[in-house]
Structures are given as structure tokens and as C-alpha cells.
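Visitor: Keeping their order, the protein sequence lines are chains L and W. Counting with the UniProt record's numbering, you get residues 1 to 717 for the letters of the first sequence. Counting with the UniProt record's numbering, you get residues 1 to 208 for the letters of the second sequence.
Bear in mind the hints are in silico, worked out from the structure with no lab data behind them. Don't be surprised by glycine CBs; every beta carbon is placed ideally from N, CA and C. Some hints here could point you the wrong way.
[Unchecked claim] Derived DEER-like restraints, expressed as beta-carbon distance ranges:
#, chain 1, residue 1, chain 2, residue 2, range
1, L, Val699, W, Glu178, 40 to 50 Å
2, L, Asn81, W, Pro142, 45 to 55 Å
3, W, Asp91, L, Lys79, 14 to 24 Å
4, L, Leu664, W, Phe71, 26 to 36 Å
5, L, Asn605, W, Tyr117, 13 to 23 Å
6, L, Lys687, W, Tyr117, 48 to 58 Å
7, L, Thr516, W, Glu23, 58 to 68 Å
8, W, Lys136, L, Val256, 20 to 30 Å
9, W, Pro142, L, Gly665, 55 to 65 Å
10, W, Ala95, L, Phe384, 25 to 35 Å
11, L, Gly64, W, Phe71, 18 to 28 Å
12, W, Tyr117, L, Leu390, 32 to 42 Å
13, W, Asp91, L, Ala534, 23 to 33 Å
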Amino acid sequence: MKIFYTLFLCLGTVLGFAQTKISGKVTDTKGNPIQGANIFVEGTYDGGSSNEKGDFLFETQAKGNQVLQITFLSYETIKQNIVIESYKPRTYILKESANTLNEVVITAGTFEAGEKAKVTVLKPLDIVTTAGSNGDIIAALQTLPGTSTVGESGRLFVRGGEADEAQTYVDGLRVAQPYGASSQNVPTRGRFSPFLFSGISFSTGGYSAEYGEALSSVLLLNTNDEESVEKTDISLMTVGLGLANTQVWKKNSLSVNAAYLNLQPYQALIPQNVTWNKPYQTLSGETVFRHKSEEGLFKLYAAFDVSKFNLVQESINNPKNTEVDMNNQNFYLNTSYKYNLGNRWQLFSGLSFGLGENKIGLHVDRLHNTEHAYHLKTRLRKSFSKQLKLTFGADYFNTNFDENYNVFQTTDFQYGYKANIVAAFAETDIMLTKKMLLKTGLRFANNDYLHQSSIMPRVSFGYKVNKTSQFSLAYGLFEQAPNQAYLKFTNQLQNEKAAHYIFSYQYNKGSRTLKTEFYFKKYDNLIKYNTRLAEYNSTYTNLGNGDAKGFDLFWRDGKSIKNLEYWLSYSYLDAQRDYKNYANKVTPSFAAAHTLSLVTKYWINDLRSQVGFSHTFTSGRPYNNPNESVFMNGKTKVYNNLSFNWAYLISQQKILYFSVTNVLGTQNVYGYEYANTPNTNGIYDRKAITPTADRFFFVGFFWTISQDKKDNQLKNL
Amino acid sequence: MKTIITVVAFFITSLLVAQTQFEQGMGNALKMWGEGKSAEATALLERIALAEKGSWLPNYYIGLIATTDAFQTKDKEKITALLTKAQQVVDIETAKDEKNPELMVLQAMIYTAWIVYDPMTNGMKYGAKAQAIYEKALIIAPNNPRVVFCKAEYEIGGAKFWKQDTTPMCEQVRKSIELFDSFKPESAFYPNWGKDRAEATLKTCGGK
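Chain L with its partners taken away, still in its complex shape (with noise of 0.2 Å):
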């Protein structure tokens, strides 16, 4: 009886609890009511539902300290601090959480393509299927506004800004020989074959202190995270061959990849307009290993590869023409690891390696230089809170240049230089309002060869005026060491500085981007020099300086037309430079006012082929002619290419792909190469400076071999 007593007192205990009642309100920020917010007592399943006043009313049978909750879909959860008897009815306020259609990103110079992007302006996928890009990178982004076509090189010339000022980054860390080899005036392309990387961010100024050594723009290029998939990947081109496997195993990846291009075939189909003694063969192994962990993520990248050709340079001051006989290496190596070290502290650590050597033979002359190049990155990021976050870390670079140049039996030229840069960064994030954010930042740089210490501040400011627009400012002073021709020389030189000044403003909704932005360029301390061609003997200053303003304009819709994709990309660039042998400030040879790219996809989901057109107009080109009494007055006549390709899935795992280049056979002149010395009639002759062939035309067969069946090479193209 007694325990019978006991026991139905504990029961009773159990299943009679006091019920205290919950009530409140539950409002957004602006004081509107939000219906169907869940409000509980965490750990019970005591609660409810607020109704469309935003009230709410609950019975509980919890007692004393607990923890009331309230959530709600895409806005922040509260957790409040309560004790059951001494509850008073009150408000609760949800602040919607930060997403990417809410939150405030400053967008002033940076296009983003990738999956962990604000707002996409090109996906993984385009640099590959866009006309003409022919798995080139760098000629993808030659289609996004900011960017000069300067089609005898094939580097990205940003702004106003010549090729060496842009720096390209893998995974945070240098790339110190981004392009392959090339001669003058042969364009050469990226280095990096498009699909290990699944996310690319290009600015065209304005960039964040973590980056330095780069005075026009920085390409951040980020190498997949994970690979889920196993698979083998067969490619049959007109230009060569390639395999790539991929292996996966407990929190580990590994890819694989190896390609032998050769152009042989094709320059033999298409007249060309260079001597070809030996076709461009490269031979190029890449590879990628990641291992993942609870707290952190560490990946290792490293790329192979060995480039030749032979062909006969014609100049018009030698009549001979020069036989050029390149023989290219290249290493790179690139590791990070990066780490949670809790309480919101992240820890980056790096460090990359890249050697190129090349022997080059001039004729009966022989070149041959080395370039060893190092890279060590440390950084630490906290969050104190969604409102503030800080960054900083140290960079060291090392260059160690060597050059000999053999004069056929006569002399040896030996020459180089090793140069340490020790830079440090911080920056902060602050969030003003939601719709404010304010970046500072600055960075502090000492170079030991050329003596010489910096420190460059960096201000950017997002203001977000709704849901789909907002505008941003940016500003900074950037500032590189010298281009490696001149620094092999001497180092009786200074950084090379740029100021940059943007305004920029987006418009996004859904599948349609516009962006626009007004920007002003200052640069001091340019190279000059007193030479015909930049020498061993020639004097070097730091007197050059220059600008440049112009205006980006960017609008992609994916939406108007179905299963057309398309964007147009219209940059006005009005720059001005007095840099190497100049005789005074004027528009350099690379700098066109006017660029205009169309680029258009559309699926034809019954033919299940993707077909392309791309379209790139520039205006004319200014070149110096003798001839005239006023320095750089000649002007090209305008540039156009119209590219088109087409995909065909033949099935899951199997792609034909067809590109040409310049269909319609456009005779582009990029510039003019005149004679040293005037002819009898005292007129300086010349020769027009035109792309190696009018046309380029590829087909390529891709073959995916995997257990799972859905998985091709589409992005490998």
C-alpha cells in the first residue's frame, strides 16, 4: 500500500505538471507582424505557432531557467533567457538572416564566377562554352568589360593597364608564370586547364590588401574543394590528346590529368600566316589532391609542362628573318591548408612554387634564363560577428632571375637577380546597417632589391539600396616592383604606382545582371628607358606616369528568351601613358577607346546540342608611324571576330565538339611594325603586325568513363 502511495505520487509528479501560459508577439524589424514563427521551450515540446497578428500563446510545463526559442524560415533564431514563473508577455523582433538576395556585398571592380558567388556574371561552365574562349581562361575573360583584346599577345590587359600588371593567384597563393610560351607577336594563352578550378574571381581594380604585386587587376583562381565522383575522362582532338582520372576515397580526392597537344594538323589545314619549321607541341600533366577534415581542408596542386616550337620570325629590319627555336619548362606547385581553429578563428597557410626555364635559340644566338619563384602566405580571419570581421596576415616573395644570352662564338651575357619582398596586411569588415558595409585595409611592403618600403591603403564601401540593387565605391593605391626586363638589368628603379578610384553600380534579379561602372586611374613611377628596345645598356628611370578613365558596362539575361543565355560586355577606355622609349603621354599601342563582346549560348534541347556565337569589336588601335612628325597618330582600322561552336551530346558520356574562330575570316591588322631606317625614297617602310592565322577550327571528341552514367566532360571543353 505504501509503495502503491509512493508510486502514484510520482506518477502524479510526472503527468500533472503545473502549466505556466507563454504569450508574446512576434514582429519583423520594421514592426510587421510574422505569422507561423515557431516559439518553444528548447528541450520540451511545449509550443506554438504565431498567428497572422503575430501573436502567440503556449502552455508549458517546464520550470525555472529555460531557454524560449524562436525560429523562423530565412530569418536569424532568438534565444532568450527566461524563467517559467516570472514570464512577462512581451515583442520579439526577427531580423531577417543574411542571404545572398538580402545582404550587402561590395561588387566595385570584381566579376565572380563560381559556385560560392554573391552574384554569378559567369559560371564555371562558360569559360568553356563560350565561342572562341577554346578552353582558354584568360580569353573567357577577355569577353567581361575592363579588359582590352590585344590579339598578338593574348594576355589580359586591364584598364588602361599593360599585361604584367595583372596577377594571377591559385587558391591565395602567386602564380609567377601564368602563360605559356610564346614569341613576339604569337599569342600564347593560361596555363591552367579550366575545369580544376570551381571558382574564378577577376577585379578589375580596386582589390582587397590581401593582394599584392599586382598594380591593375588580380585573377583568383580557386581549385575544387572536393571532386565526389569517380571517373576517367578520354579526349580525342584535332590538336592533340588527353586522359584524366579521378579518385575518391574516405575524406580524400585525387585527379589526374595529362594532355599532348600538337598542332601539326592544323597548321596544316589552315594557311597560316607565320613559317612554322616545327609545330607547337606541348606536353602538360596536372594534379590535385584534397583532404578533408572536420576543422579544416587541405589541398595540393601541381602542374607540368613542357612547350616547343621553331618558326621563322620575319621582321622588316631583317630581310633574313630570324629563326626563333623556344624550348619551355614549367613547375608549378601550390599547397594550402586551411583551418578552424574555433571561436570563429580561421587560419590560412600556404605556399607556392613555380619554376620556368626557357632555351630559346635566336637564329645562331642562344637564350636562356630561369626563373625560380616563391610564395609564402599566412592568414588569419576572425569573426567577432556577423558585423565585424578582421584579416590580416604576411606574404613573402622570392624571385631569384637568371639570364645568359650567348652571342654566336663571341660573348657570354650572365645576368639576373634575386629580390625577397616581405609584405604584411590587415583588413576589416564592418557591417554599418545591413544594407552598409565598409571594408579598410593596408598593406605594407618591403622590397630588399630594390630597396625600397610601402604601404598602401584600400578603402571599398557597399551600400545596398534594395533587394536588387546597390552601389559600391572603391579606392587604393597599388604598387608592383618592375617588370622583369628591366629589374634583370638594374635595380636603380622604384615600384611602379597606381591609384584607383570606382564607382560602380549593380542591378540583379533572378537571371538578368547589369552592372556599370565609372573609374579613374593614376599612375606614377613608370619605367622609361633611352633605347630603341629596352637593353643591358640602356638608362632606366622612374619618370613615366599615366591614366586612365573610362566607363564598363555588363548586362547578362538568362531569362527573356528561353534557353538563350547571353551578355554584352561594352568597355570605353580613354587612357594615356609616358612609359618606355615614349616620346610623350599618349595613348598606348594596346589601349582601344572602344570594346564591345557579344556572347550568346543557346540549348536546342531536341538537336541536345549547345550552340554559340561569340562577337568581339574593337575600335581602332593607335600605332606610331615615322612617317608622321606626331608621335603614336596612326590608327588601325577596327577589329572584328565572330566565333561560333557547338556541342552535341552524343549520349551522357559522350561529346563532339566543333569550334571555329573568326568564321568569317575577318583580315585583322593589330599594329604595324616599321623599318629602323628609311628607304631611298626616304619613306619608312612597313610590315602589318596580323594574327598567326586568320582561322582557328578545332573538334574534339570527349568521353566520360564512369560507374555513374550521368557525368561528361561538358565543362572540359
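With chain L fixed as given, assemble chain W onto it according to the hints.
Guide: Only chain W this time, still in chain L's reference frame:
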């Protein structure tokens, strides 16, 4: 001795009460979902999930409700919010048990929803992931009817696009119906859905 018995009795009673509370709560939540009150059902499930961290079922149903809703709405912003939510709860439970076939099916459904959301961008990326996770689930649980059916349903979608023969997939759908019939849920609220959809799919397959 008496005290011990008393304490044990008390303990068991409490457990029983707790058990009943869980079952009652889950029952109520699933009833509300059945009545089309997804928000209320989710709200209750969220409370249960936080109180019963040992069970993966509340979060599983939160994810299932959100994913099902995502398939049915056209509002892109809402789809993003729903799928983000579904992914959150699946991540919580997958971290505890990454070989749970039901969670794997749900994960594959989330990927499929992302593909539907934007086929051009997500098709390549999530298509491979969804397929890979179905393959894995099939190795772990070859006789789970949802694994067999959902995988076949997903593959039918692809085969239709490629104008390929769907007979082998339809055969799998047929097999899944047998598996549905013989399927014994491990516990009261163990997932037990899909048979009606499998039957409907089999009809369009031209099957008997």
C-alpha cells in the same frame, strides 16, 4: 529495497511517459503534414528534434517536408530557403550516421530539387552527386524500397531526355513495389512512403 523498486518504477514510468510524448508528438506532426499544414508540422518537429537529440526522425521529416514543398513551389527565393533548411537538418543527421539509406535518399532528392531549380547551372554538378549517392545507398541497402524506387525514378528522368530505353528502370520500379509490400519499418515513425508514387510511375512506364 522498497525504495529501489519505487525508484525503478518511477524511472520506467517516466520513460514510458517520454516515449508516449515522442510518439504523440511525431504522430501529431505527421498528421498536420497530412492535412497540408507543413509550417505547423515543421514547427512541432523542430521542437521534438531539439528535445530528442538521439532520434534522427524529427530532422528527417523536417527535411522531407521542406524538400517536398520546394518541389511544389515556383518562388525561387522560397525554394532556396527551403532547400537550405533541408540541407541543414540532413547535415546534422548525416554527421551522426552517414550510412543511413533514408537520409541518403533525402540528400539525393535535395540535389534533384537543385537541378530542377536551375538545370543549366546545377545539372552537371548535382546530377553526378545525386547519382553517386544513389549508387552508394543501393550498396548499403539493396532492399530498401525507397532507394530502389527513387534511384529508378531519377534515372527515368535522364533516360527520357536521352530518348533511351526506360525498360530496365521500370523493372526496378516494379521490383520496388514488391519491396514496399514486404518492407518492415524499424520503428513506428520510420519512413514508409513512396508506394503510391511507385505505382503511379509504373503506370506511365507502360508496365502491367
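Visitor: So, for every hint listed, does it hold in this structure?
Guide: Structure-based check of all given hints:
1. Val699/L to Glu178/W: 40 to 50 Å: Since the Cβ atoms of Val699/L and Glu178/W sit about 49 Å apart, the hinted range of 40 to 50 Å holds.
2. Asn81/L to Pro142/W: 45 to 55 Å: This hint holds: roughly 49 Å between Cβ atoms.
3. Asp91/W to Lys79/L: 14 to 24 Å: holds (20 Å)
4. Leu664/L to Phe71/W: 26 to 36 Å: violated (47 Å)
5. Asn605/L to Tyr117/W: 13 to 23 Å: For Tyr117/W against Asn605/L, whose Cβ atoms are near 18 Å apart, the range 13 to 23 Å holds.
6. Lys687/L to Tyr117/W: 48 to 58 Å: Hint holds: Cβ distance 55 Å, inside 48 to 58 Å.
7. Thr516/L to Glu23/W: 58 to 68 Å: Holds, since Thr516/L and Glu23/W (Cβ atoms, about 60 Å apart) stay within the stated range.
8. Lys136/W to Val256/L: 20 to 30 Å: holds (23 Å)
9. Pro142/W to Gly665/L: 55 to 65 Å: holds (59 Å)
10. Ala95/W to Phe384/L: 25 to 35 Å: holds (27 Å)
11. Gly64/L to Phe71/W: 18 to 28 Å: Violated, since Gly64/L and Phe71/W (Cβ atoms, about 43 Å apart) do not stay within the stated range.
12. Tyr117/W to Leu390/L: 32 to 42 Å: Check passed, 35 Å falls within 32 to 42 Å.
13. Asp91/W to Ala534/L: 23 to 33 Å: For Ala534/L against Asp91/W, whose Cβ atoms are near 57 Å apart, the range 23 to 33 Å is violated.
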